[in-house]
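I would like the entire structure built from these sequences, with the hints used as guidance.
Chains as they are written, first to last, in our numbering: chain A, 656 to 1092; chain B, 656 to 1092; chain C, 1250 to 1627; chain D, 1250 to 1627.
Among the hints, a few may not be true.
When the alpha-carbon atoms are kept at most 27 angstroms apart in a straight line, the in silico DSSO-like pairs for lysine-lysine are as follows [unchecked claim]: (1) A:LYS1083 - B:LYS1075; (2) B:LYS1075 - A:LYS1075; (3) D:LYS1267 - D:LYS1277; (4) A:LYS723 - A:LYS696; (5) B:LYS992 - C:LYS1267; (6) D:LYS1445 - B:LYS953.
Chain D regions said to be covered by chain B (calculated; three or more residues, Cβ under 8 angstroms) [as the list claims (entries may be wrong)]: (7) 1445-1455; (8) 1484-1497; (9) 1520-1526.
Going by beta-carbon spacing under 7 angstroms, a handful of chain B positions derived as facing chain D [claimed, not checked]: (10) LEU698; (11) SER810; (12) ASP811; (13) ALA1025; (14) GLN1044; (15) LEU1048; (16) PRO1073.
Rather than coming from a laboratory, the hints here were simulated on the basis of the structure. A virtual CB, placed ideally from N, CA and C, is assigned to each residue, including glycine.
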Amino acid sequence: MANTPTASRMPSDIPAQPTPEMEDVDAFRERARAWLAARMKPLPPGEWEIPNRDTDEGVQHARDLMAKLFDAGFSGICFPKEYGGQGLSVAHMRAWSEEAQRYEMPTKFNIPTLTILLPTLLDYGTEAQKQEHIPKTLRGEEMWVQFLSEPTGGSDLAGALTKATRDGDVYVLSGSKIWSSGAYRADYALCLCRTNWDVQKHRGLSVLLVKIHQPGIQVEQIRQINGSMEFCQEFFDDVPIPADQLVGEEDDGWTVVSRLLQHERSAVGNGSAFGVIMQLGARRTRGETTDPLVDITKQLGLGADPTTRQLVAEGRVLSLVQPALVDRVGTGIRAGKLPGPSSALMKLANATTGIARAELAVKIAGSAAAAWVEPGPASQQAGVFLSRQTAALAGGSNEIQRNIISERVLGMPREFAPDKDAAFKDVKRNTIPTRKP
Amino acid sequence: MANTPTASRMPSDIPAQPTPEMEDVDAFRERARAWLAARMKPLPPGEWEIPNRDTDEGVQHARDLMAKLFDAGFSGICFPKEYGGQGLSVAHMRAWSEEAQRYEMPTKFNIPTLTILLPTLLDYGTEAQKQEHIPKTLRGEEMWVQFLSEPTGGSDLAGALTKATRDGDVYVLSGSKIWSSGAYRADYALCLCRTNWDVQKHRGLSVLLVKIHQPGIQVEQIRQINGSMEFCQEFFDDVPIPADQLVGEEDDGWTVVSRLLQHERSAVGNGSAFGVIMQLGARRTRGETTDPLVDITKQLGLGADPTTRQLVAEGRVLSLVQPALVDRVGTGIRAGKLPGPSSALMKLANATTGIARAELAVKIAGSAAAAWVEPGPASQQAGVFLSRQTAALAGGSNEIQRNIISERVLGMPREFAPDKDAAFKDVKRNTIPTRKP
Amino acid sequence: MELQLSEDQEFFRDTTRKFLDAEAPLTKVRALEASDDGFERDWWRRGAELGWTSMLVPEDLGGGSLSGAGLLDLVLVAEEMGRLVAPGPLVPVSVVASAIAAGGNAEQQKAVLPGLLAGATFAAWALDEGRGPWSGAGVTLTAEQRGSDFILNGTKSTVEAGNVADHFLVTVRTGAGLTNLLVPAGAPGLTVVPMKSLDLVRRFSRVDFSDVTVPSSASVGEIGGAGGEVDRLLQTAVVLQCHETNGAVDHVFAMTTEYAGDRYSFGRPLSSYQALKHRFADLKLWLEGSHGIATHAARAVQQRAANAAELSSAAKSYVGENSTDIIQDCIQLHGGIGVTWEHDLHLFLRRATVNRVTYGTPADHRERIATLLSLEEG
Amino acid sequence: MELQLSEDQEFFRDTTRKFLDAEAPLTKVRALEASDDGFERDWWRRGAELGWTSMLVPEDLGGGSLSGAGLLDLVLVAEEMGRLVAPGPLVPVSVVASAIAAGGNAEQQKAVLPGLLAGATFAAWALDEGRGPWSGAGVTLTAEQRGSDFILNGTKSTVEAGNVADHFLVTVRTGAGLTNLLVPAGAPGLTVVPMKSLDLVRRFSRVDFSDVTVPSSASVGEIGGAGGEVDRLLQTAVVLQCHETNGAVDHVFAMTTEYAGDRYSFGRPLSSYQALKHRFADLKLWLEGSHGIATHAARAVQQRAANAAELSSAAKSYVGENSTDIIQDCIQLHGGIGVTWEHDLHLFLRRATVNRVTYGTPADHRERIATLLSLEEG
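Set out below in structure tokens:
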């Protein structure tokens, strides 16, 4: 039977401060610093992460780095020892992040593998699943992705139409998932599917652990406005999934996904302790990274223009406020002074900051955003502007975050949902997918 | 029986262009221009209207001007001749407005008397009511106001609790109304009240024509943030209202009020043909009036500051867009290319423009908005900033306008209303008024 | 969409719309991405036959408008082109034709106008220098007078349709002041450097002038006295551009309203969610404001009214920033599919963004307005 | 509200809150509108007994903080004062006490600190000149050195608590550079001109200096070397001000959330309307961002960290503009009653507006940030 914690404390609720049996944080920091200096390659000046992060080479490099960290005892700082992690506290992870962020790090694994999928598996996977997957992932052998959204579904994840029909020892999976980021090169997925059509929609869902590259699963990359090919759509053609790959209870998949989404909100808001905390704001403050708004200003020689100076500073303020908000909300949640769903504030802050800064970039760039002889910061940010809504859509739209904040943080009444009490088979829903193969 | 037009064309639907029996517009304009030059006093330079408009003297002056216009045949340009008006077209009113706006005009009568209450009376009043009141009003002898909102009610006008109980020849009126502008010195009101508690809320309302200053009616002025004492609350203590003062049908008052609100949206958006069309934007463009944002800039000597120049121009743009929107939407409604409720766009534009400009004023004024030795444009606009939401609340909040635009212009589904089908006596509602005597 | 049109205008607009629907659908726009010109020359010639190039040129010079107010006719074409983010150099050809018609000498009119009107040749307006105030005052490219010749040296940036232009109207500074010179594309020393554009089919160029020599008869209008005309041409460009953008936004808004009505989430259509309804109401407000100010600006520029400069800059400032806000929110309302290459939304966002920042940014035009307000006086 | 406090700090905050609830309710604030001082002196003295004036002064000078990080304790008082838009010169007294403690000579410390710490005397900081950059560089008021005296001539504007100040810390320009001078209120030639304020109880003054003479020993810290200290004092003022504003906005937001839950419209509570719910979510976002950045700024200023200037200006810029946006939307959410004098909302809006534009506007502080970013370099 799946591990279904009932207490409010869950396996992924890592202690904020060290417990007595843990290594002292300062000692850990010293040890980490020394090892990093000796063994890891510093990032080129001005870079935030491995420059070719999204290429095949970059991903392979990230896998190698994971293995290197694992061997040295620095992979999965906050994951339990029994699954290959280090069993340390959030304070250790912060110390690690502060030390590690000047070096090449496998940040490609942060989202979604380390910060979303693995913690969810930790909370709801079976012992066998955890033993099988967590150590391998911490060694860089597995990358993960979530299969949640569907081309008919929009924000309504619980309205999933992808079917998993039990047939002896297997679930037969059929349907389609979409907006899974990087699925084409990931290894495993947690997949939300419908196992029961005769009950209310949230009560007939299950989560399956699915090996991505196998017969019957077709993965198609989707080109984004900015040229990125990271998002994918998957098509399942009666794929047999062994029944022991169920994560959580059958028909109780919504519980698993709710937790997954909570991990996701933290992660996207840069508030997760399971991946290196990027602290971009702090790094910018220390002058270790460049700000694209500053880069455009310098490219165009507008540094003395008072209007431009206001715009750059406005963007700068937003990128200082965002980590400050993450810090505050994270602290509040850990201290029990803010409810858990407050992580939606981090996600919303991340998306709205990006949107506002993209607008500022266009204002600063002027006609250099429209046309250019040679590409540069202005043209690059014009591309960012075109696809700026992506962060406000992926992983739960801004609208969903605002619902969560108003309903589950501020305690306002839930939206009227006609499908709330009906059997799912009777619910009015989209029949036309937004996208077909 | 009340005059209840069933055709889509109503008495207040004035022809846009002259009909053959009307005086030629150019001839009318010449006649108006000559009379104005000979008989009316020009406004002081830079003023938009009678400077002391909101004082007792100003109001008396406006009443006298109405009488003067009436005697010369220039009052009520678009009102029917049989009620003392001139029976002319919108084109005549525009010509009149263009000629008249440089002179002292009784603009105090525009809203709500001439543009909201009188057109409503024209549409739904009995013949006797119209004969009694319209000519007197066009002579300046009566000012009007609407009694709609209630201290328990908020935006839900149809949830009125003020009772009118039929008793022989009279309705006995009891309850309270609020946010009536200038009621303390007005003469008559149209009052929305409940005559039937056993039907759905919209179906149990009636509109009564009420003489304001009479025993049993107490009018209290409410001080606004900006010091204005124009808004009032009224308390009705079993006031007998003759039954022939019913406007429209008994229990069909919502039809009357809906029409009144449509007149109000046009009026507040400066799109009504029943009062002098102010054309502030055009007048600013011609340099005939000053822009407070320019005034602050000059007061503080910031005219060469690039950031200030951006802010002033941004405000200027908004005050050019607002009349352009009114023009477009008015044209669209008259041409049948936009639905009537599009007037909500005018109202919303007026409110949002004012809000945005008040914010710009504070940005330009800087610390001069916080403290001053001598009052000036900056301190005056700081006061405007404090009360800037008034226009977004009075006469139907921005939220109500957005409901109207989405539902009745864009055809989106109506909001879920639990009180839609219930008898009003069974509906959940506020019991505590926002304000007591 | 203009709400008050004559029957002639309605017919003209419908003809243009049908032609564009048939001949320039979005699939065509996508297909033209990789082309050099960004449009098909034969297609442009057929558009010219419909009257696209004639509206700002009087009848006696071979042009002609429907209403006698050519700009008010031409904005209908701009709106329709915006609806389908159509290709084609409408703004530069119109502006240069208008300039030559208004101020060119008989020889220039005879040599250049027939080709432009027929859609057989092309022209570009070289004004922008990528920096400085957006007015004649920002022009620093100099044309030195030597004998009866002008020698041009300097660079113009973001020249729309520079890639196909047979003629350049180059706004320069001479000893006498601001001057518009008509320079043939093949003039020695004139180099057209292609620029990459955010728009799939709108092409811009950098144009470098190295001792480019033209006779003083190349001046379109008075030598040194082009200030007022440059302003009028800029107003014309901006008005056309704002109408094009409004056409694009109209289309996106309609698509999105329809989508929100069709699409269900949590058992309810998207359009039943009040948070979205209120955003749609705001988008509608901004869109109607955009149309309103663009129309006011078009009328003022057509009439050469005293407030034409202010209204056209107000239109540019308002339409420029609101258009991209509206389209971005429409993308958001579409959900994930809205940020894919295969969905058409980005085509509209690209056009609106390019229109927003060319012929002066909203901030540049606010600065123009500030100057008109004489803020530094008393 | 700070989310991570020691037990001592929680106790201190609760004590301050109880005192304010009892002794400075909003009815009291309204009653003080017509008063000259804007607060009651005995009440301030009792606040001082609670520790309000001591936190930025070390123990050996008679002060003392709870945590050893006095500014992080004092911001708790500022937040609580904001909750009730309390009267009292917290910012100027704190800033001047901090300056004298940090850089005053023994005589100044002995003469001035005891009175300030006891709440018996008052001090004001005269920095603002109503124009120019918000830093020492904006100071033009000159103090001419004559022998061992300084002669001050010029005007300072918007001096908080100038009306009650016994001592003025006047930031001036001397031949040697920026200097802070301690000037007694009664100095001949010093005139305090009261200003009207948007806030009901916060008082500002214009202070005119006409040949005001002080000995050179009036300098607080090095003559000509006050640049760094002026910056630190400004950071301190801004951090306190942002926390006060956040306290005010917290209170307004809580009031409005409660109101929306209690109030029915069309048979549903206001808080069930999604358009309002989403606005509440945004307000919450801005409010938490305001708290977050104010806390980061307070920590940096307390630690005299390298990024203290940037973070405090970021806090000022963000909190300044968002606070009034939030309160205005809360007024809107209240409906008509929200714009009446009798409702308390405007008291909060007044305070937030005054805080927004004093000690530099958000735009002034953005300009400070731009300078820190060295935008004009390579």
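Here's how the hints hold up against the structure:
no.: 1; hint: A:LYS1083 - B:LYS1075; verdict: 23 angstroms, holds
no.: 2; hint: B:LYS1075 - A:LYS1075; verdict: 21 angstroms, holds
no.: 3; hint: D:LYS1267 - D:LYS1277; verdict: 15 angstroms, holds
no.: 4; hint: A:LYS723 - A:LYS696; verdict: 12 angstroms, holds
no.: 5; hint: B:LYS992 - C:LYS1267; verdict: 21 angstroms, holds
no.: 6; hint: D:LYS1445 - B:LYS953; verdict: 21 angstroms, holds
no.: 7; hint: 1445-1455; verdict: holds (count 6)
no.: 8; hint: 1484-1497; verdict: violated (count 0)
no.: 9; hint: 1520-1526; verdict: holds (count 3)
no.: 10; hint: LEU698; verdict: 29 angstroms, violated
no.: 11; hint: SER810; verdict: 6 angstroms, holds
no.: 12; hint: ASP811; verdict: 5 angstroms, holds
no.: 13; hint: ALA1025; verdict: 4 angstroms, holds
no.: 14; hint: GLN1044; verdict: 5 angstroms, holds
no.: 15; hint: LEU1048; verdict: 5 angstroms, holds
no.: 16; hint: PRO1073; verdict: 4 angstroms, holds
Violation of the numbered hints given earlier is confined to hints 8 and 10; the remaining hints are satisfied by the structure.
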